[in-house]
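Now for the letters of each chain:
2 protein chains.
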Amino acid sequence: MTPDEFRRHGRQAIDWIADYLERIEQFPVLSQVKPGEIRAKLPPKPPVEGEPFEAILRDLDDIVLPGITHWQSPNFFAFFPANNSGPSILGDLVCAGLGVQGMLWATSPACTEVETHVLDWMADLLGLPAQFKSDATGGGVIQDTASSATLCAIVAARERATSGRSNQSGVRSPLVAYASTQAHSSVEKGVRVAGLGSENLRFIDVDDRYAMRPDRLADAIAQDRAAGRIPAIVCATVGTTSSTAIDPVPEIGRICREQGIWLHVDAALAGTAAICPEFRHLHAGLELADSYCVNPHKWMFTNFDCDCFYVADRAPLIRALSVLPEYLRNRASESGAVIDYRDWHVPLGRRFRALKLWFVIRWFGVAGLQQKIRQHVAWAQEFAGWVAADPRFELAASVPLNLVCFRLREGDEANQRLLDRLNGSGQVYLSHTRLDGKFTLRFCVGQTNTTRGHVVRAWEQIRAG
Amino acid sequence: MTPDEFRRHGRQAIDWIADYLERIEQFPVLSQVKPGEIRAKLPPKPPVEGEPFEAILRDLDDIVLPGITHWQSPNFFAFFPANNSGPSILGDLVCAGLGVQGMLWATSPACTEVETHVLDWMADLLGLPAQFKSDATGGGVIQDTASSATLCAIVAARERATSGRSNQSGVRSPLVAYASTQAHSSVEKGVRVAGLGSENLRFIDVDDRYAMRPDRLADAIAQDRAAGRIPAIVCATVGTTSSTAIDPVPEIGRICREQGIWLHVDAALAGTAAICPEFRHLHAGLELADSYCVNPHKWMFTNFDCDCFYVADRAPLIRALSVLPEYLRNRASESGAVIDYRDWHVPLGRRFRALKLWFVIRWFGVAGLQQKIRQHVAWAQEFAGWVAADPRFELAASVPLNLVCFRLREGDEANQRLLDRLNGSGQVYLSHTRLDGKFTLRFCVGQTNTTRGHVVRAWEQIRAG
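Chains as they are written, first to last, in my numbering: chain F, 42 to 506; chain X, 42 to 506.
Among the clues, some could well be false.
One copy or two, it doesn't matter: identical chains are merged, so the pair holds either way.
No more than 20 Å apart at the CA atoms, straight line, and that leaves these computed lysine to aspartate or glutamate pairs for EDC-like [what the hints assert, rightly or not]: (1) 82 x 102; (2) 86 x 60; (3) 479 x 461; (4) 82 x 165; (5) 479 x 454; (6) 82 x 367; (7) 479 x 90; (8) 86 x 103; (9) 86 x 501; (10) 479 x 451; (11) 479 x 100; (12) 75 x 45; (13) 82 x 45; (14) 479 x 431; (15) 75 x 299; (16) 479 x 246; (17) 82 x 100; (18) 479 x 249; (19) 75 x 249; (20) 479 x 367; (21) 75 x 381; (22) 82 x 176; (23) 86 x 240; (24) 75 x 375.
Bear in mind the hints are in silico, worked out from the structure with no lab data behind them.
Could you put together the complete structure from these sequences and hints?
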């Protein structure tokens, strides 16, 4: 494709996306296709000769769109959002166009330095403690997801807990990880991948707000120590997936400090709220954490994938992950004056993902980001008020931010039926969880283009059953 | 950003990329900035109010471009390529615009089904054995990089070698991995992350073509068994990073089968060549492999990140990585009729990366891809001939594909000086390795827009010293 062809087809692709976003509310939010329906429309063999770009674009409409669940629909209230925005899409486009691979500082200094800089901006925006910034002992890096960040935290914690022995000789003694019963499934996945084993993950009880009980954590640690096991890491959650519960990081952090245990704080969704001073209390106690992550690809209008992972001390992370073959040696790395982010995560290669985050922060400005976050929280609170006022429904958990957990009082079957009706209608998309064993609907207000009107209409549909 | 603003700014971004690609040869291929130079141009704090898109675009020229090492320059001959192409950029753009998150089939069936289908296409294109296709016991998935694919292979092998015990109880006994001395650094990184420990990675000697010696592999396995250790995985390489050496997969595979050891084959760069029937011999013995990966983001004109990872049996991979919390349960998954790719890699969330690969295969067609690969190989062979004919130079390794390893006969210092001169000139970018302890230049022909003229001029500059 020549540059001139790229100009022409690029405009077609841009227009296609703009048209898509304009008509997005015409599609069922949750794709209604049956398994295999999309594949059946694809030819069994790839074409021998190239096809015109117009044929490819046409298949987006004919084949792809029916199989899309529209995460960018303002009627998407399921899971946590994975939203995008114009500046983010265009930042990602420039990333693809430049096509740099920033495994080393030298292989594109701007890829590394813009990332370091924007992650320092983020640390200030979110009120993170000074040690997480690049001019201190720590620093931030963009990873794909919080799952990968959690894995890296576990590996660095393992390295520190065994003074490097597990990296050299393998995991040999029982290293224990702790998280609440409400923690994300990625903690167990990471514990497994890192060779600790699921049996060495303790699920700590929660209080009536679904937040980790520090007393139970302390008990579990004491039991493991008494049995000769090595407590290695606590994964606290600020904003759990089920109900945005906030673990008490200050108390958990004090225990971790006393015990010399790595504290990782997963604020994948909720961390973004700390852009607003009135929500910065979410980050209380973070000065006691060894690592932290937040996903701008969830609630900060930056398209997937973009997880910001911070460490208070970069040394154990780099020691755990750095392997330096001859073919990557270069004068800049040897000078010690640069960051080579390849040592901060599992992949060697890396995209210029900082561009999209940089574009988003500059396009919206801090005030623009704050306004959107405040609106989402306010509408979720308003929605929670409607639920509370309707005698058929009950709130299933407190609503600290933008997620409302609620249910019909009638019981699990009625709630499953309600969810099936709503999602089958194509008008809205909600997801579910279980709280205290009860089937519970989750209504998360966080899509970039959701307005109060969308929230109002969603509630009308929920009540209409 | 409204859809209309997106149309306008989208065109600006498309034009900026097209202009960039037109003038790319005006920039020094290797960025010439000093550490900190890019950051010094960035404001210490993010803007409170949003900025116009034009200001952001302007900074791409003023701040970012001087810090770019131009991977898309046709004069880029370093490392292995990470090339892009028009259809790939636009496929990635549509991915960002749709903004779907395909963790589950239900969260965008097209994201899963197009991926499965295109990975089956790839299996046919590359002549992979039938067990790697989705209608058999295995299947393919897109991961970010070969490093992550290797980690997943190690984790699945660990699961199989211990009948699931390491996943449950952690790594407790010495599990051993094997790779040649020339294998990629990601094997050691993966061995560490998975908790096996660097000491349990055996670097097997190579022959005079830098390919793994099967007799030495068999010896090492026998020694480990005798010592009570558990051989778990062999990572063979088809196209090593230093010199594109081809490990003898048929012989290695027979040993692995006899011994019940997982065989992973890393063909990150070289696998793409198998699109051409005359190079399909690269894949001899793959029917004995348990897993395999190739990176279209290297030599297949598909922008980073896009690694195709295949397993012959998906069961141990999924058993190792699947954790199912309530909030991800859904009727489609429970039907058993769909693939949920979240269980095929470490991250939970996932982009619609299959789009760019689908766009590339359709735009070029099989014949178009073959033509480009054949040209690159032919020009590299021609370059190798010029080196061989010049008495000042010597070839440092055989040239099976598109990478020429060569050096001045004068010794390491002269070669380091030559490399510094070339890369400092900004006219070309080469990287280096060590072979038999000697500093060796690597010249890889694989960038999308490289022509024979670029190769000719590069040789003129190399000779001119």
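A quick look at each hint next to the structure:
1. Taking the shortest Cα distances, residue 82 and residue 102 sit within 20 Å of each other inside one copy (12 Å), while across copies they are farther apart (43 Å).
2. For the homomeric pair residue 86 and residue 60, neither the shortest alpha-carbon distance inside one copy (30 Å) nor that between copies (35 Å) is at most 20 Å.
3. For a Cα distance limit of 20 Å, the shortest separation of residue 479 from residue 461 inside one copy, 16 Å, qualifies, whereas the shortest one across copies, 66 Å, does not.
4. When the C-alpha separation of residue 82 and residue 165 is checked against a cutoff of 20 Å, the pair qualifies only between copies, where the shortest distance is 18 Å, while the shortest distance within a copy is 49 Å.
5. In the homo-oligomer, the alpha carbons of residue 479 and residue 454 lie at most 20 Å apart inside one protomer (10 Å), although the nearest pairing across protomers, at 71 Å, exceeds that limit.
6. For the homomeric pair residue 82 and residue 367, neither the shortest alpha-carbon distance inside one copy (48 Å) nor that between copies (32 Å) is at most 20 Å.
7. Taking the shortest alpha-carbon separations for residue 479 and residue 90, neither the intra-copy value of 56 Å nor the inter-copy value of 44 Å comes in at or below 20 Å.
8. Proximity of residue 86 to residue 103 under the C-alpha cut-off of 20 Å is restricted to the intra-copy arrangement: shortest distance 18 Å within a copy versus 46 Å between copies.
9. Taking the closest pair of Cα atoms, residue 86 and residue 501 never come within 20 Å of each other, the shortest separation being 47 Å inside a single copy and 43 Å across copies.
10. When the C-alpha separation of residue 479 and residue 451 is checked against a cutoff of 20 Å, the pair qualifies only within one copy, where the shortest distance is 11 Å, while the shortest distance between copies is 76 Å.
11. In this assembly of identical chains, residue 479 and residue 100 lie within 20 Å of each other by CA distance neither inside one copy nor across copies; the values are 42 Å within and 52 Å between.
12. In the homo-oligomer, the alpha carbons of residue 75 and residue 45 never lie at most 20 Å apart, since the shortest distance is 40 Å inside one protomer and 34 Å across protomers.
13. In this assembly of identical chains, the alpha carbons of residue 82 and residue 45 never lie at most 20 Å apart, being 31 Å within a copy and 32 Å across copies at closest.
14. In this assembly of identical chains, the alpha carbons of residue 479 and residue 431 lie at most 20 Å apart only when taken from the same copy (19 Å versus 78 Å across copies).
15. Proximity of residue 75 and residue 299 under a CA criterion of 20 Å is satisfied in neither setting, with 54 Å inside one chain copy and 43 Å between copies.
16. Only within a single protomer do residue 479 and residue 246 lie at most 20 Å apart by alpha-carbon distance; the minimum there is 17 Å, versus 59 Å between protomers.
17. For a Cα distance limit of 20 Å, the shortest separation of residue 82 from residue 100 inside one copy, 10 Å, qualifies, whereas the shortest one across copies, 44 Å, does not.
18. Proximity of residue 479 to residue 249 under the C-alpha cut-off of 20 Å is restricted to the intra-copy arrangement: shortest distance 14 Å within a copy versus 66 Å between copies.
19. Proximity of residue 75 and residue 249 under a CA criterion of 20 Å is satisfied in neither setting, with 40 Å inside one chain copy and 55 Å between copies.
20. Taking identical chains as interchangeable, the C-alpha atoms of residue 479 and residue 367 lie at most 20 Å apart only when they sit on different chains, with a minimum of 11 Å there against 56 Å within one chain.
21. In this assembly of identical chains, residue 75 and residue 381 lie within 20 Å of each other by CA distance solely across copies; the values are 14 Å between and 45 Å within a copy.
22. For a Cα distance limit of 20 Å, the shortest separation of residue 82 from residue 176 across copies, 17 Å, qualifies, whereas the shortest one inside one copy, 54 Å, does not.
23. Proximity of residue 86 to residue 240 under the C-alpha cut-off of 20 Å is found in neither arrangement, the shortest distances being 46 Å within a copy and 45 Å between copies.
24. For the homomeric pair residue 75 and residue 375, the shortest alpha-carbon distance between copies (14 Å) is at most 20 Å, but the shortest distance inside one copy (55 Å) is not.
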